[in-house]
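Student: Below are the chains, spelled out letter by letter.
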Amino acid sequence: MRMVAGCDVGSLATKAVIMERRRVVAAAIVRSGPKPAASAQAAMDQALAQAGCGLSDIAYCVGTGYGREKISFMNESLSEISCHGKGAQFLVPSARSVIDIGGQDCKVIRLDAKGSLVKFVTNDKCASGTGRFLEVMAKVLNIAVAELGELALKSRDPVTLASMCTVWAQADVIKHINARRPAEDICAGVNAAMANRVAMMANALQLENDICMTGGVAKNKGVVQALGRIMGKRIKEIRQIDPQLVGALGAALFASEKATKN
Amino acid sequence: MSSILSQAARSIDLDPVRKFKEKGGTVIGYTCSFVPVEIFHAAGMLPIRLRGINTESLNIGDAYYGPFVCTFPKALLQQAGQGSFKFLDGAVISAGCDAMRRLDECWRKMSEDVPGALPPSWFYYLDVPHKPQGVALEWYQSRIRKLIQALEEKFGVHITDESLHLAISKQNKVRTALGELAELRCLEPAVVSGTEAFEALIARNVLPTDIYLEELDRLIEEVKSRAEPVSGYRKRLFITGSICDDLELVEQIEAAGAVVVGETVCYGLRNTSPLVSDTGDPVAALSAFYLSGSVCPRMFGYYPTRLVAISGRIKRTQAQGVIMQNIRFCDLHGSENGLLERDLEKLDVPTLRIEKEYGALTEKGRLRMRIDAFLEQLEKSRPPVQEAEG
Chain A
3 MRMVAGCDVG
13 SLATKAVIME
23 RRRVVAAAIV
33 RSGPKPAASA
43 QAAMDQALAQ
53 AGCGLSDIAY
63 CVGTGYGREK
73 ISFMNESLSE
83 ISCHGKGAQF
93 LVPSARSVID
103 IGGQDCKVIR
113 LDAKGSLVKF
123 VTNDKCASGT
133 GRFLEVMAKV
143 LNIAVAELGE
153 LALKSRDPVT
163 LASMCTVWAQ
173 ADVIKHINAR
183 RPAEDICAGV
193 NAAMANRVAM
203 MANALQLEND
213 ICMTGGVAKN
223 KGVVQALGRI
233 MGKRIKEIRQ
243 IDPQLVGALG
253 AALFASEKAT
263 KN
Chain B
2 MSSILSQAAR
12 SIDLDPVRKF
22 KEKGGTVIGY
32 TCSFVPVEIF
42 HAAGMLPIRL
52 RGINTESLNI
62 GDAYYGPFVC
72 TFPKALLQQA
82 GQGSFKFLDG
92 AVISAGCDAM
102 RRLDECWRKM
112 SEDVPGALPP
122 SWFYYLDVPH
132 KPQGVALEWY
142 QSRIRKLIQA
152 LEEKFGVHIT
162 DESLHLAISK
172 QNKVRTALGE
182 LAELRCLEPA
192 VVSGTEAFEA
202 LIARNVLPTD
212 IYLEELDRLI
222 EEVKSRAEPV
232 SGYRKRLFIT
242 GSICDDLELV
252 EQIEAAGAVV
262 VGETVCYGLR
272 NTSPLVSDTG
282 DPVAALSAFY
292 LSGSVCPRMF
302 GYYPTRLVAI
312 SGRIKRTQAQ
322 GVIMQNIRFC
332 DLHGSENGLL
342 ERDLEKLDVP
352 TLRIEKEYGA
362 LTEKGRLRMR
372 IDAFLEQLEK
382 SRPPVQEAEG
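From first to last, the protein sequence lines stand for chains A and B.
First residue of the first sequence: 3, per my numbering; consecutive thereafter.
First residue of the second sequence: 2, per my numbering; consecutive thereafter.
These are calculated hints, taken from the structure and not from any lab test.
Some clues are possibly wrong.
What the hints assert, rightly or not - Subject to a maximum C-alpha distance of 16 Å in a straight line, what follows is the list of computed EDC-like cross-link-like pairs (lysine to aspartate or glutamate):
no.: 1; chain 1: A; residue 1: LYS121; chain 2: B; residue 2: GLU380
no.: 2; chain 1: A; residue 1: LYS121; chain 2: A; residue 2: GLU152
no.: 3; chain 1: A; residue 1: LYS121; chain 2: B; residue 2: GLU342
no.: 4; chain 1: A; residue 1: LYS223; chain 2: A; residue 2: GLU152
no.: 5; chain 1: A; residue 1: LYS121; chain 2: B; residue 2: GLU346
no.: 6; chain 1: A; residue 1: LYS116; chain 2: A; residue 2: GLU259
no.: 7; chain 1: B; residue 1: LYS316; chain 2: B; residue 2: GLU189
no.: 8; chain 1: A; residue 1: LYS116; chain 2: B; residue 2: GLU380
no.: 9; chain 1: A; residue 1: LYS235; chain 2: A; residue 2: ASP212
no.: 10; chain 1: A; residue 1: LYS121; chain 2: B; residue 2: ASP344
no.: 11; chain 1: B; residue 1: LYS316; chain 2: B; residue 2: ASP279
no.: 12; chain 1: A; residue 1: LYS235; chain 2: A; residue 2: GLU259
no.: 13; chain 1: B; residue 1: LYS365; chain 2: B; residue 2: GLU252
no.: 14; chain 1: B; residue 1: LYS365; chain 2: A; residue 2: GLU210
no.: 15; chain 1: B; residue 1: LYS365; chain 2: A; residue 2: ASP126
no.: 16; chain 1: A; residue 1: LYS121; chain 2: B; residue 2: ASP16
no.: 17; chain 1: B; residue 1: LYS147; chain 2: B; residue 2: ASP128
no.: 18; chain 1: B; residue 1: LYS87; chain 2: B; residue 2: ASP16
Just chain A, with the same shape it has in the complex (with noise of 0.2 Å):
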């Protein structure tokens, strides 16, 4: 069998995996562009390369995120959720319920047993709760995204963010800055904003355990913690590889059935 790929083009990054015999055994992570086909390539040419072949190796690639429709590369186009569906339940077989936080937007997700959509719900058009949001929060505390969730854990007195808006929150957060609270209070208060606003969304979907968490903000551990905290159940970390790649794992194992089929 020959080898399969999925690439995910997101609103802030674009990711792709190689699998073989339904093993991950390269992955790339590229900032996307303005032309997804372009960050697409990208990402391609950079697992490509770390797998050490090309193109013509793979036998079947599927396409997912919002730019999937301009992969040049790709056989067919998956939506995320199912994406990240499959993805999560490959890592975490017992996952009945996935939260995914990417960097425009978030899904919760209700899986069955053999990984299929059971129902779904996203934000609406708006930046609270999705990767955006911390990414403003960052840039107001001048520092970088990635230090957010391992400042929070230091907190022993975390502010508390009157509003959920990114707009709203961002003037809140300079509120704290200038009344000289902690970094790592004020970093516990945007995450727990951000939990907040997501716990809220998981909760309609009435979320059967086990819960695990996919996409960039899976990163965040102070944001898995406060919304693990929020809604009174244990997330389940993904370990075996990046959170943010599990899009396009899911992908990549999509193409591996069809692979198979074909």
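Assemble chain B onto chain A, guided by the hints.
Tutor: This is chain B only, laid out in the frame that chain A set:
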């Protein structure tokens, strides 16, 4: 596909309406399905349901309405302020919901700042009660008689029982033909696309009846004689929710691989009641027909009846899933969609809730992703749809 129906569904400025005006006809705009159009037809006028399609900016709408208001009345106000409704001789605003009721005040106020924005001859407010029986029905009937009187006084026309009966009879023909089209949409495999059917449904609201009936009959005959069904669809979907004349939404759903087989939305086919009686007191018959309890969530206490009607139509159309759309800040459908989601899923009808703005789709990518995911969710075989118990 009829080009006349298609054009009528996609534009505000219509050739048949211009020709009607050139012949000295009077055109009256209205805003809600609780306005009996037969009254205007009986007076020889052309009633046109106002639309906010192709609105590119809401600078006028936003200036007179608050920020947390549905974009549909804002789009109507915008079009009025931009002069898109210059062809109107008069307009009737009615109390469909609170935001639509306030269109009366906002339009009047806006016309103080934008001279000529109000229809030149007549601008009328029709109140509509929220219950369909007893004193509410009597009161609605009295409002309809008052509306007739106002039209007669303003335009010097005489609306007789006979002319009302004729108008009722003609609109009943339209209802019968639309019922036939709805039945054709129930066939599996599908023989008519949702886009084509929705064009025909929207066009009903804006075309002169004779032209419309001719085109509709032609479409129905053509659909009946089609040798090939609609190709390439994966699932049959039904649309519910807020007012919708958004062909782009239906097109996008169908481009994702579904066929839209029915809808209960304003501009679509909502009232599946029996025909209006064309004998006896016509005003009483029209009042009883139009003030239906189950046709819109604005009517108080009729959710169980609506659920039975909606689930019945879903079953009849053999829809495999329901897209429940609502315009942001639409309290009526936003709330009802929550109940419908709960109750339809109890009947094993999968649902997808979409909140959107009225008009141009600014969130196409996100919407497409949700529709794709919903279709992927439906790919699993589903048990047949049940009907709610009445």
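Student: LYS223(A) and GLU152(A) were given as a pair; does the straight-line alpha-carbon distance stay at or below 16 Å?
Tutor: Between LYS223(A) and GLU152(A) the Cα gap is close to 7 Å, so the pair holds against 16 Å.
Student: With a cut-off of 16 Å on the C-alpha distance, tell me whether LYS316(B) and GLU189(B) pass.
Tutor: holds (13 Å)
Student: Taking only the CA atoms, is the gap from LYS121(A) to GLU152(A) under or equal to 16 Å?
Tutor: With a Cα-Cα distance of about 33 Å, the restraint between LYS121(A) and GLU152(A) is violated, given a limit of 16 Å.
Student: Does the alpha-carbon distance linking LYS316(B) and ASP279(B) stay inside the 16 Å limit?
Tutor: violated (31 Å)
Student: Has the given pair, LYS235(A) with GLU259(A), been kept, meaning a C-alpha gap of at most 16 Å?
Tutor: violated (33 Å)
Student: Check whether the Cα positions of LYS147(B) and ASP128(B) lie no farther apart than 16 Å.
Tutor: With a Cα-Cα distance of about 11 Å, the restraint between LYS147(B) and ASP128(B) holds, given a limit of 16 Å.
Student: Are the Cα positions of LYS121(A) and ASP16(B) separated by 16 Å at most?
Tutor: violated (46 Å)
Student: Check whether the Cα positions of LYS87(B) and ASP16(B) lie no farther apart than 16 Å.
Tutor: Distance of about 14 Å is within 16 Å: holds.
Student: Would you mind confirming whether the straight-line C-alpha gap from LYS121(A) to GLU346(B) stays at or under 16 Å?
Tutor: holds (11 Å)
Student: Sort out whether GLU380(B) lies within 16 Å of LYS121(A), counting only the CA atoms.
Tutor: OK: LYS121(A) and GLU380(B) at ~13 Å, within 16 Å.
Student: Between LYS121(A) and ASP344(B), is the straight-line Cα distance small enough, at 16 Å or below?
Tutor: Since the Cα atoms of LYS121(A) and ASP344(B) sit roughly 15 Å apart, the hinted pair holds (cutoff 16 Å).
Student: Would the pair LYS365(B) and ASP126(A) pass a check requiring their Cα atoms to be no farther apart than 16 Å?
Tutor: It holds: about 12 Å lies between the C-alpha atoms, which stays within 16 Å.
Violated hints, in rising order: 2, 11, 12, 14 and 16; the structure is consistent with all others.
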